[in-house]
Amino acid sequence: MRTPITPNQVTALSLLFGMASGIACLFGTYSSILIGAFLLFTCYVLDNCDGEIARLKNLRSLFGMRFDTFVDWVVHAFF
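Residues 6 to 84 (the working numbering) are what the sequence shown spells out, left to right.
Quick caveat, the hints were computed from the structure, so don't treat them as lab data. Note that beta-carbon positions come from the ideal geometry of N, C-alpha and C, so glycine has one too. Hints should not be assumed to be uniformly reliable.
[Claimed, not checked] For each label pair, taking beta carbons as the anchor points, the in silico distance ranges come out as: (1) Ile38 with Ala82: 10 to 20 angstroms; (2) Leu67 with Ile40: 13 to 23 angstroms; (3) Phe75 with Ile10: 34 to 44 angstroms; (4) Thr8 with Arg71: 19 to 29 angstroms; (5) Asn53 with Ala82: 34 to 44 angstroms.
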């Protein structure tokens, strides 16, 4: 697989989408909750993609595993 994107970059992007979804839901309007749900869905899709990229490019690392777990905890804390 040829792409300059690393699994850790995808994980960081997942973190941004997850935090943005939590912030969007704070507004409490119907449209902001829909936007938050879409952002959270995108966060979870990216969360699954980072592991696939790591396996395909053979870029597995202890830091990557821990970073992914940390991001999961942070995103869950926003809800």
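Practice task
Look at the Cβ atoms of Ile38 and Ala82 and judge whether their distance stays inside 10 to 20 angstroms.
Solution key: At 18 angstroms between Cβs, range holds.
Practice task
State, for the Cβ atoms of Asn53 and Ala82, whether the hinted interval 34 to 44 angstroms holds or is violated.
Solution key: violated, 20 angstroms
Exercise for the section: Confirm or reject the claim that Thr8 and Arg71 have a C-beta distance inside 19 to 29 angstroms. Expected result: holds, 23 angstroms
Problem - Leu67 versus Ile40 beta-carbon gap, inside 13 to 23 angstroms or not - result: For Ile40 against Leu67, whose Cβ atoms are near 35 angstroms apart, the range 13 to 23 angstroms is violated.
Exercise for the section: With respect to the beta-carbon atoms only, verify the hint that Phe75 and Ile10 lie 34 to 44 angstroms apart. Expected result: violated, 19 angstroms
Checked against the numbered hints given earlier, the structure breaks hints 2, 3 and 5 and satisfies all the rest.
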